[in-house]
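Peer 1: Each chain is listed here by its residues.
Protein chains: 2
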Amino acid sequence: MPVGTLASVKGVPQDLLEDLGVQILLGNTYHLYLRPGVKAVRGMGGLHGFMSWDRAILTDSGGFQVFSLSELRKVTEDGVTFRSHLDGSSHFFSPESAMEAEIGLGADIIMAFDECTEFPAEKERARASMEMTLRWAERSKKYFEEHKHEVPWGSDRLSAISCRQNEMLRRFAPRNDKRVVIPDGATQSLFGIVQGGMEFDLRKESAERTVEIGFPGYAIGGLSVGEPREVTHEVVEATVEHLPADRPRYLMGVGTPEEIEQYARMGVDMMDCVLPTRAARHGLLFTSEGKISIKQARYATDSGPLDPACSCRVCGRYSRAYLRHLYAANEVLAQVLNTIHNLSFYLDTMLRVRHSIRLGEGARFHSGVSSQPKP
Amino acid sequence: MPVGTLASVKGVPQDLLEDLGVQILLGNTYHLYLRPGVKAVRGMGGLHGFMSWDRAILTDSGGFQVFSLSELRKVTEDGVTFRSHLDGSSHFFSPESAMEAEIGLGADIIMAFDECTEFPAEKERARASMEMTLRWAERSKKYFEEHKHEVPWGSDRLSAISCRQNEMLRRFAPRNDKRVVIPDGATQSLFGIVQGGMEFDLRKESAERTVEIGFPGYAIGGLSVGEPREVTHEVVEATVEHLPADRPRYLMGVGTPEEIEQYARMGVDMMDCVLPTRAARHGLLFTSEGKISIKQARYATDSGPLDPACSCRVCGRYSRAYLRHLYAANEVLAQVLNTIHNLSFYLDTMLRVRHSIRLGEGARFHSGVSSQPKP
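As they're listed, the protein sequences go chains U and L. Quick note: the first sequence uses the numbering used here, first residue 7, plus one each step. Quick note: the second sequence uses the numbering used here, first residue 7, plus one each step.
No lab work stands behind these hints: they were computed from the structure. These figures come from a predicted structure and were not determined experimentally. Hints may contain errors.
Same chains, same names: a pair is fine if it fits in one copy or spans any two.
To be verified - Derived pair list, reagent style SDA-like, types lysine to any residue, alpha-carbon separation capped at 25 Å: (1) 147 x 294; (2) 301 x 233; (3) 301 x 43; (4) 148 x 205; (5) 45 x 338; (6) 210 x 222; (7) 301 x 338; (8) 210 x 302; (9) 210 x 79; (10) 301 x 251; (11) 80 x 192; (12) 148 x 236; (13) 147 x 252; (14) 301 x 217; (15) 301 x 21; (16) 301 x 106; (17) 147 x 315; (18) 148 x 302; (19) 210 x 37.
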């Protein structure tokens with residue numbers, strides 16, 4: 007999932023994202039709550055109407071940004087008081103108010119309000135944080151069930167969703183699988199989040215108890231918070247096996263192209279990361295020949311394409327010399343083109359992963375439905 | 007002509023410019039000479055190859071930027087010594103070196119090196135400046151004629167030009183017009199520039215003597231330098247009548263949408279202006295209902311399109327509320343979308359002008375070939 011923090015994947019118009027094959031975008035509740043505000047987005051029919059994007063959207067709960075961006079936050083059982091990173095104004099997020107915000111934003115998938123445990127954390131602290139996330143998950147689900155009909159979708163959105171779900175089912179669901187049913191009058195899907203720090207036993211317990219609460223999908227949170235990459239890898243491996251294979255398993259906030267392929271092999275179905283878009287803004291480009299820093303003088307006279315193996319509209323048209331010039335001259339088009347390419351590279355990576363799953367190489371990827379041969 | 011100062015129309019990929027119907031772009035020799043340098047551009051086959059743009063390009067001579075941007079410039083009969091606005095390094099432009107740069111950049115239309123007379127200027131100063139521009143025009147033409155074969159075009163470019171010229175001839179040339187001939191092995195076209203300050207008699211003299219030197223097209227320079235709009239209007243009117251109607255007449259550096267329509271009515275064939283792109287970056291948008299400052303709070307909940315009469319990809323997809331949010335949140339997409347719309351508005355304006363000329367309402371526009379009815 008490309009990240010569109012403020013209802014925009016920085017620099018790339020929506021129709022170009024569609025051309026790239028983006029199926030789902032991530033929006034950040036914390037940022038959208040501050041600007042332009044939930045009420046404004048709700049008034050335009052939710053994020054879909056506001057940013058004119060018919061395909062799927064996922065919003066996080068704001069929890070992670072509150073922990074990473076805002077100052078002077080105060081966490082209690084009730085929720086989190088925090089100050090805006092923009093103007094210092096004071097705000098309060100609880101499981102209930104975060105759900106209210108996410109329902110107002112109207113994404114297709116929304117996330118329970120969790121506490122992202124800091125790294126490093128003592129085991130007792132990780133347990134206490136996990137327990138609170140579990141209590142907040144129950145409160146999130148309760149509020150959501152009571153208010154899910156308040157989603158600002160019109161009938162257009164609902165029929166668009168049905169069409170897409172039917173299409174997805176036709177393409178991916180195993181024959182005779184009756185477990186997935188398209189509901190009449192679809193609502194948003196609320197996903198639970200597994201925490202537990204870097205402790206395998208806590209992760210197992212968090213996963214099992216979150217599944218007990220019951221969600222249509224599950225996320226692995228609390229990673230990419232400063233721990234070594236090997237630890238991330240081990241914790242994901244130790245967590246994913248305790249999450250049901252017939253529900254989407256979403257690993258939050260990873261990773262490099264190599265990593266997302268590895269996580270997919272472990273059974274992760276969804277990932278989001280700012281890396282392709284943020285790196286693009288710094289002139290760091292992912293290619294089939296490795297990472298390139300386009301600002302380097304060696305590219306000033308390089309008439310070749312950025313990545314000869316890439317068929318995106320950037321590699322098909324522009325030279326490395328031109329991209330280097332745009333970056334060096336601080337031209338806005340550098341960000342636009344670099345972002346398009348990096349997204350294309352990430353999406354191609356996932357396309358390859360999906361392709362190999364469908365070819366049956368994925369038997370070891372999943373223990374669940376999607377490893378069965380296509381009908 | 008949209009302005010692409012550094013070989014990019016800020017924020018807009020080339021394929022979107024093509025979709026907008028952009029037929030010709032302007033590049034700035036002064037800026038390109040400093041970054042990435044003429045040699046780098048020449049090495050990539052000129053601007054066309056460098057920025058991957060097959061349609062037409064025009065470069066100015068650098069004269070205007072030397073006068074408006076650089077500090078500590080010193081003008082002599084020989085040329086201009088100036089300091090870079092980027093790093094203060096010292097450089098020298100003469101008619102010969104400016105031609106050398108423009109040939110290396112390889113645009114389709116290049117401009118003679120002129121002195122842009124400052125405003126206000128005493129009549130004697132305007133005359134002296136005009137005389138120097140005439141001498142520099144002769145030197146520009148002489149150097150160009152001796153070096154025009156050095157243009158870095160391959161045969162691809164030449165055949166692309168022939169195709170486009172044939173297409174243009176078929177669409178616009180009157181029946182039996184034998185005056186326009188497509189040369190074998192086309193080169194660039196060097197245009198002369200009329201100066202003369204705000205003095206009508208000097209403008210007439212400058213026009214006549216520039217025509218005597220002989221160029222395939224003529225520009226009106228030295229305007230939009232701080233004079234009142236009415237004066238610009240009068241000087242254009244007093245100049246354009248002394249330029250041959252069967253050659254392109256190019257008014258440099260104007261104007262608002264209303265103005266470019268007025269100047270076209272006077273017989274001006276070509277114009278360039280940073281206004282649509284620069285205004286877009288400041289959130290100023292041109293619409294059929296007047297100019298809009300999208301940052302205003304009144305648009306925060308406006309679900310309507312930016313301009314209901316516009317069919318560009320921005321007006322067809324996004325609301326004013328979304329555009330306002332992007333601008334207020336300092337999102338790069340604001341610049342991208344605003345620029346696309348403003349360019350579309352300008353190009354639509356010129357499309358209307360061309361349409362009315364072809365419908366024959368243009369009898370009073372031109373005394374030359376293009377006023378005759380289409381065969």
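Peer 1: Now look at each hint and say whether the structure bears it out.
Peer 2: Hints, one by one, checked against the model:
1. Proximity of residue 147 to residue 294 under the C-alpha cut-off of 25 Å is found in neither arrangement, the shortest distances being 43 Å within a copy and 49 Å between copies.
2. In this homomeric assembly, residue 301 and residue 233 never come within 25 Å of each other (Cα to Cα): the closest approach is 29 Å inside a single copy and 42 Å across copies.
3. Taking the shortest Cα distances, residue 301 and residue 43 sit within 25 Å of each other only across copies (16 Å), while inside one copy they are farther apart (37 Å).
4. Proximity of residue 148 and residue 205 under a CA criterion of 25 Å is satisfied in neither setting, with 28 Å inside one chain copy and 80 Å between copies.
5. For a Cα distance limit of 25 Å, the shortest separation of residue 45 from residue 338 across copies, 23 Å, qualifies, whereas the shortest one inside one copy, 31 Å, does not.
6. In this assembly of identical chains, the alpha carbons of residue 210 and residue 222 lie at most 25 Å apart only when taken from the same copy (18 Å versus 79 Å across copies).
7. In this assembly of identical chains, residue 301 and residue 338 lie within 25 Å of each other by CA distance both inside one copy and across copies; the values are 14 Å within and 20 Å between.
8. In this homomeric assembly, residue 210 and residue 302 never come within 25 Å of each other (Cα to Cα): the closest approach is 46 Å inside a single copy and 52 Å across copies.
9. For the identical chains of this complex, residue 210 and residue 79 are neighbours neither inside a copy (29 Å) nor across copies (73 Å), given an alpha-carbon limit of 25 Å.
10. Proximity of residue 301 to residue 251 under the C-alpha cut-off of 25 Å is found in neither arrangement, the shortest distances being 43 Å within a copy and 48 Å between copies.
11. Taking the shortest Cα distances, residue 80 and residue 192 never come within 25 Å of each other, neither inside one copy (36 Å) nor across copies (73 Å).
12. Taking the shortest Cα distances, residue 148 and residue 236 never come within 25 Å of each other, neither inside one copy (36 Å) nor across copies (69 Å).
13. Proximity of residue 147 to residue 252 under the C-alpha cut-off of 25 Å is restricted to the intra-copy arrangement: shortest distance 20 Å within a copy versus 75 Å between copies.
14. Proximity of residue 301 and residue 217 under a CA criterion of 25 Å is satisfied in neither setting, with 47 Å inside one chain copy and 46 Å between copies.
15. For the identical chains of this complex, residue 301 and residue 21 are inter-copy neighbours only, at 24 Å across copies versus 28 Å inside a copy, given an alpha-carbon limit of 25 Å.
16. Taking the shortest Cα distances, residue 301 and residue 106 never come within 25 Å of each other, neither inside one copy (44 Å) nor across copies (28 Å).
17. In this assembly of identical chains, residue 147 and residue 315 lie within 25 Å of each other by CA distance neither inside one copy nor across copies; the values are 45 Å within and 46 Å between.
18. Neither within a single protomer nor between protomers do residue 148 and residue 302 lie at most 25 Å apart by alpha-carbon distance, with minima of 54 Å and 39 Å respectively.
19. For the identical chains of this complex, residue 210 and residue 37 are neighbours neither inside a copy (31 Å) nor across copies (61 Å), given an alpha-carbon limit of 25 Å.
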